[in-house]
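Peer 1: Reconstruct the complex from the two isolated chains, following the hints.
Keeping their order, the protein sequence lines are chains V and P.
According to this note's numbering, the first sequence holds residues 1 to 483 in order.
According to this note's numbering, the second sequence holds residues 1001 to 1236 in order.
Calculated from the structure, these hints are not laboratory results.
None of these values were measured; they are calculated from a predicted model.
Hints may be right or wrong, so weigh each one.
[Unchecked claim] In silico lysine-lysine, DSBU-like type, Cα no more than 35 Å apart, as pairs: (1) Lys-1223/P / Lys-1052/P; (2) Lys-467/V / Lys-1157/P; (3) Lys-135/V / Lys-1223/P; (4) Lys-1079/P / Lys-135/V; (5) Lys-1157/P / Lys-329/V; (6) Lys-34/V / Lys-197/V; (7) Lys-467/V / Lys-1223/P; (8) Lys-1079/P / Lys-147/V; (9) Lys-34/V / Lys-393/V; (10) Lys-1079/P / Lys-34/V; (11) Lys-474/V / Lys-1223/P; (12) Lys-1079/P / Lys-474/V; (13) Lys-147/V / Lys-1157/P; (14) Lys-467/V / Lys-1079/P; (15) Lys-1147/P / Lys-474/V; (16) Lys-329/V / Lys-1079/P; (17) Lys-1147/P / Lys-34/V; (18) Lys-147/V / Lys-1223/P; (19) Lys-1052/P / Lys-1079/P; (20) Lys-467/V / Lys-135/V; (21) Lys-329/V / Lys-467/V; (22) Lys-34/V / Lys-1223/P.
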Amino acid sequence: MQAGFSVTLVESPTVPIIGVGEGTWPTLRSSLQKMGVSETEFFRECNASFKQGARFAGWTTGAADDGYYHPLMLPQGFTQVNLAPHWLGNGSGRTFCETVCPQGQLCDDGLAPKMITTPEYEAVANYAYHLDAGKFAGFLQRHCTAKLGVRHVLADVTNVNQAQDGDIRSIETRQSGEIAGDLFVDCTGFAALLLGKTLGVGFRDCSDVLFCDAALALQVPYETPDAPMASHTISTAQAAGWIWDIGLPTRRGTGYVYSTRHCSDDQAHQTLMRYVGPQHAHLTPRRIAIRAGHRETFWKHNCVAVGLAAGFLEPLESSAIVLIELSAKLIAEQLPANREVMDIVAARFNDVGHYRWGRIIDFLKLHYVLTQRTDSVFWRDNVDPATIPERLKNLLLLWKYQSPWFFDEFDRLEEVFPAASYQYVLYGMGFRTEVAREDNAATESLAARLVRENVAVTRRMRAELPKNRDLMRKIFEYGLQTL
Amino acid sequence: MTHIVVLNSRSHATLRVHAAASAQYGDNQRFVPVVVSEFAPLALHYPILLSKDAETGEFYCGAMLGFDDAENLFLQEHKTLDAYRPLNLQRGPFYTSGSDLAIDLDHPRVAPSGEQALFEESGEPTPYLQSISALMRTLTPGAEQTKVFIAALLALKLVESVSIDAQFDDGSRRDVTGLYTIDRDVLRDLPDEAVVVLFRLGYLQLIHHLLASLNHVSALAQKKNRQFLPGASRAP
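Just chain P, same shape as in the assembly (with noise of 0.2 Å):
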């Protein structure tokens, strides 16, 4: 269930929220819906792939943070902030709502033992309040951008899917399905007046982050094979 609620500092003023990454407050997904204007960080650690919502079946961009459900491998560097944390996770039980910010607030991340306060007594937003404003600017209108973006991929037929299949060490094996990522094929072969027009629209760099984050596929394969170390405790 959801209860979102446009926030104010008269009603919420002593709302607290939980923000650490963790598992029991929906840190555990597989794969996080991204946005456009984060992938050059998101490129540094996860495989950033296209994947159809079960709803719509409309194309989205998620970053890979495990293979089974459920499995984010990254929560642990998360914790300690070593690798970017995907605006996704970090907005925790914010929305928007038109231009006022929202507040989901049956989230199980909002509770009085919650480290974060939203509101200082003065009726400011503390600066974490102000930092998820930030983080929504760039997020709600980059989700927007996100969908041109695969608009155009599609139109070029750029998109195609990909299958991953990873082998791990219990001897056990994951077949990855319903990921897409760029044609490499039409890629090459676009005309170049089409290149040009990717170029000056920023989306060659965009697609150069697809591509070149498929390698951590296979690291992400070998953290999930080190929880199989004899003695290694399993990740959360």
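If we strip away everything but chain V, and leave its shape as in the complex, we get (with noise of 0.2 Å):
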């Protein structure tokens, strides 16, 4: 390669793949388009689809009706004004989603986010995908390996050699022999080989916070091939945590994030087949063990961990993949132009690690500790203030006076989460901020403004927007152009 290094990928042929986790943040698709990846190839080899927020049904009160959004586009003049105090001021009863972004209602009339005539990565409301993690896997493996030179070799990992600085020579493998190199990427999933068993960096657990710990997981075929498909994960609340719901071309992706702690594997198991219905009663669901929480730290010495390696959280709001490709573009944008400098790369890498993770931990928790159910012990103990981090805790009685917006809180370049995000969660779950009349007057009339522009943008995106399954299909028939 002819920027002065070369990557290789040693993959283990005996490792499966965990092969779930198939939401993604609308960050993929700079990642992909970054790569020099074909956004209809994608669609079309991964099995992907639309993804434009998320539903949460069940999660605030338990009842029929209860549901809201977290969507992926900004609330409108995001940048120019707080619309969250001025909702919450005018009490007009429409939903805060519905209030200032489009794209909840895009959601309940089953649209796609763009045209077949709109540009590949270019969106009319913002998207994200649901993909088949495993296709993805091995399509970026292609892509990687042919187009952009990394040398792929397929061999177990049967040593690790360490100077003695503790910095990681080379790796011994049984197939294709001892690999040395100057930057190990651990990327060996929940083993942490490198990272974790070679250089014994700890695991910091987080499930006192996190209860959930097992899926079951169930992939479900489609009444028939054309049937309608959701842009959005819907994700349902249970007695003993969520159920996930993921519409991709060929089939449903479902499963259920429980806590052992509060529900056997048998009830687990009931649960979702009483979700997916008596007529998928045949499958039988795969178990996948969830261990909540990261490592202490995410690059040592010469090792940096990545993905599943660094940590692993419930999937509630896809953080997995977002992860990977932020801390991927940080590596990649700072590589260490030797092994002089990396400490310093590897110092900030950690601190924006623990900060992302941190947020990410923060993030989740807020979805539970607003609920108001009580009807059972794994919701109960959700809201046990011993269980909320101190900083979430912090925040949360700041919000009973201020709403987050853009500049206060969520200042990173790169937040993996929002303020916008927070304000959808806290407000779709009925969460109040206290808000005084003569706060909002100054920006009163801008406010009423671009509420009536939310009002026009939604009838004009509802009356363009294709069906997401008619899009779909006609991606897979025509592609979509690339200008």
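Peer 2: This is the structure we're talking about:
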């Protein structure tokens, strides 16, 4: 490669990939584009579809009509004015989401976030993807080896050789002998073979905050090949966790994420089978153990962990793949020129890593602490103050008097969840921030104009956007243009 | 609704067609699909641009005839044949079905009052129908040739979007979007071998027709502006 370095991917032919994790963030669009991937090929080969956010059903009260959207579009005029206090002060009877952004209604209508004439990676309404994780892994591997010059070695690691100073010098493999390197990226999954086993970096468990520690995953066929396909993830709260429901072009992916402290595997199985319906009674879910938490350090010596090797959290907000993207981006952009400066980059990486994992844990917990459900021990335990991180506790107190917004709290350049995400969850779940009418006066007319604009934009988008299923069919048939 | 049937002299012996240019017969099109084989005559009158098919997203070439929906600023000239009339307007209600000529019986042009008969009493095609057959022999393969040409442009990244922003004397503006043309910078920087390939295929000539035809945009705007002159009657 012209860059003065080469990348070798050592992949075990015997360890299967975990293969769930089907939700992503809009960041994946720019990541794929930057890698030179054709979006049309990606859709076709990864059985991918659009994701316009998530709908959380039953999280607040558990009633039949209880649900809210966490969309991917920012509230109208988000950089100019915070619409949340205006919405809170006006009591229009409309939800926060539908007042400030069109996307919830697009999802209700089963519409796609773009048209067949919209170029690859461009959006009418901001979107991410649902995808088949197994196919996606193979797709990326082929792209990286065929087009980006990555060397691919199929081999099992048998031993890791360290230098006197603790750096990793090389790995020994059963099939391909010894492979040396300057920087080792540990992508060995839960095993954390390099960072954990070899370098002894410990695991920071956070199951005291996030209780879910198992998942039952089940792929469900559509009734008919042209059945409507949701363009958002549906996440439905249950007695001891929640069920994900993701529409891919050829099947749905579902799964029950639950706490084994609050429900048995049998109960979980019954809950999931009840959700998918008796017509799928012959299907058998796959059980996946979840160990909520992350490494105490992500980059030590000349080894940095990415993906499950760095940690894992329940897939409530699709944080796994976005963290991989952000880590890969940081490593690529700050790739140390030599060993001497590596520790400086490592310190930065660790700083950012701790911040991100901390914010994600807070944000996931936010979905649980705002519940009003008391119908099961799981939900009652979740609001126990002892299980809520200090920082989140403080924010919840602060948010009683001021709503989260652009500049005040989530200020990182690549914040995983922007303040808008907190707004959608807080006000979607009935949280109230006290608003003084006079505080709104200065921006009253601007806010009113933006809300009217949102009505107009929503009307226009609903008129012009095609059904999600129809656009997917066209992408498979005609493809998207690159411009 | 369309009702397309294969044409034959027995069933359609008395069928008549309005062939003249007229808004009521469907010539009121702002942007009409064209084929590469008519680029040379088209480029004398119209901007030729690329656009995307709303159903498939695929690119096609078209002649720009107006700024607003259903606006063909050349309708008068087509009546007097001052301007070359694009094949897709000339074809009227006719289609091809394999090697056969077909007709849409529900097309407004098909009417007993039409000035053109299709068949002589002997059952022979009239000169008009013969001209349609000749036109279709250009149009049908032309559509395929145009697809191949566009694919070559896209492969070389020679297509770029262009926004046409026109201001008229009545104070109104039109920002026409969804149109594409040749990226001059990419064209200039093409490697020699690619240029030779384009030249041998005749594509370089077509590219220059596309680029030269853009000069007609301002003439088209002036044509529209004349509607706003005092005393001017609006074009039909």
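Peer 1: It remains to establish, for every hint, whether it holds in the given structure.
Peer 2: Results for each hint:
Taken as a hint, the Lys-1223/P and Lys-1052/P pair is honoured in the structure, with Cα atoms around 25 Å apart against an allowance of 35 Å. Taking the CA atoms of Lys-467/V and Lys-1157/P, the gap is about 30 Å. The hint holds against a cut of 35 Å. Note on Lys-135/V and Lys-1223/P: the hinted pairing is violated, with a Cα-Cα distance of about 56 Å set against a maximum of 35 Å. This hinted pair does not check out: Lys-1079/P and Lys-135/V have alpha carbons roughly 59 Å apart, beyond 35 Å.
About 27 Å separates the Cα atoms of Lys-1157/P and Lys-329/V, which keeps this hinted pair within 35 Å; it holds. Of the pairs offered as hints, the one joining Lys-34/V and Lys-197/V holds, with about 33 Å between alpha carbons and a cut-off of 35 Å not exceeded. Taken as a hint, the Lys-467/V and Lys-1223/P pair is broken in the structure, with Cα atoms around 40 Å apart against an allowance of 35 Å. For the proposed pair Lys-1079/P and Lys-147/V, the alpha carbon gap of about 56 Å is over 35 Å, so the pair is violated.
For the proposed pair Lys-34/V and Lys-393/V, the alpha carbon gap of about 38 Å is over 35 Å, so the pair is violated. Between Lys-1079/P and Lys-34/V, the direct Cα distance comes to roughly 53 Å. Violation of the 35 Å bound is thereby established for this hinted pair. Taking the CA atoms of Lys-474/V and Lys-1223/P, the gap is about 38 Å. The hint is violated against a cut of 35 Å. Our distance criterion of 35 Å between C-alpha atoms is broken by Lys-1079/P and Lys-474/V, whose separation comes to about 39 Å.
Our distance criterion of 35 Å between C-alpha atoms is met by Lys-147/V and Lys-1157/P, whose separation comes to about 19 Å. Restraint check for Lys-467/V and Lys-1079/P: not satisfied, since their Cα atoms lie roughly 42 Å apart, outside the 35 Å limit. A C-alpha spacing of about 18 Å is found between Lys-1147/P and Lys-474/V, which places the hinted pair at or below 35 Å, so the restraint holds. For a cut-off of 35 Å, the pair hint linking Lys-329/V to Lys-1079/P is broken: about 62 Å separates their Cα positions.
Pair hint Lys-1147/P plus Lys-34/V holds up; C-alpha atoms about 29 Å apart against a cutoff of 35 Å. Proximity of Lys-147/V to Lys-1223/P is assessed by CA-CA distance (about 51 Å); at most 35 Å being required, the pair is judged violated. For the hint pairing Lys-1052/P with Lys-1079/P, the CA-to-CA distance comes to about 29 Å; that is within 35 Å, so the pair holds. Between the alpha carbons of Lys-467/V and Lys-135/V the distance comes to roughly 25 Å, so the proposed pair stays at or under 35 Å and holds.
Note on Lys-329/V and Lys-467/V: the hinted pairing holds, with a Cα-Cα distance of about 34 Å set against a maximum of 35 Å. At most 35 Å may separate the alpha-carbon atoms for a hinted pair to count; Lys-34/V and Lys-1223/P exceed this at roughly 45 Å.
Violated hints for the displayed structure, listed by number in ascending order: 3, 4, 7, 8, 9, 10, 11, 12, 14, 16, 18, 22.
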